[in-house]
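> Sequence:
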Amino acid sequence: MDNNKDFWSSVIDGTLISGLIGGLGMVCRLLLSDNKEITWVVAIRHILAASITAIIVGHAVKDFISYESARFGIVGIAGYSAPEILEYGLRAVRKRIENLKK
4 MDNNKDFWSS
14 VIDGTLISGL
24 IGGLGMVCRL
34 LLSDNKEITW
44 VVAIRHILAA
54 SITAIIVGHA
64 VKDFISYESA
74 RFGIVGIAGY
84 SAPEILEYGL
94 RAVRKRIENL
104 KK
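Per the working numbering, the very first residue in the sequence shown carries number 4; after that it's consecutive.
Derived from the structure by calculation, the hints contain no laboratory data.
From the three backbone atoms N, C-alpha and C, an ideal C-beta is built for every residue, glycine too.
Honestly, I wouldn't trust all of these hints.
[As the list claims (entries may be wrong)] Derived CB-CB ranges, DEER-like: (1) Ser13 with Gly92: 35 to 43 Å; (2) Leu93 with His62: 18 to 26 Å; (3) Ile68 with Val14: 15 to 23 Å; (4) Ile80 with Val14: 30 to 38 Å.
Work out the full structure: start from the sequences and follow the hints.
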């Protein structure tokens, strides 16, 4: 029973909070944007992509950054800059695939 409680507290701390902070980072970016043509559907897609990116980044830096506030700051920045992070990741994967084909 105790392991189950540790699991759920880890899920809440590492995943839900990171996703929420990352999504809020994207909400800030959308609020600061001058683009008036963004629809609700596009905004929701951006927020979900930012949340997923923030969760991945949060789990990736968990072992490297011991201060929780610094980790949450990085997660927020990852949510704000999710499109750039995802584009960089896709370019890196495409480059590796091209190198494997050679």
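> State for each hint whether it applies.
Right, here's what the structure says about each hint:
1. Ser13 with Gly92: 35 to 43 Å: For Ser13 and Gly92 the Cβ distance comes to about 25 Å; the hint is violated.
2. Leu93 with His62: 18 to 26 Å: holds (19 Å)
3. Ile68 with Val14: 15 to 23 Å: Holds - the Cβ-Cβ distance for Ile68 and Val14, about 19 Å, lies within 15 to 23 Å.
4. Ile80 with Val14: 30 to 38 Å: violated (22 Å)
Hints 1, 4 from the list above are not met by this structure, while the remaining hints are.
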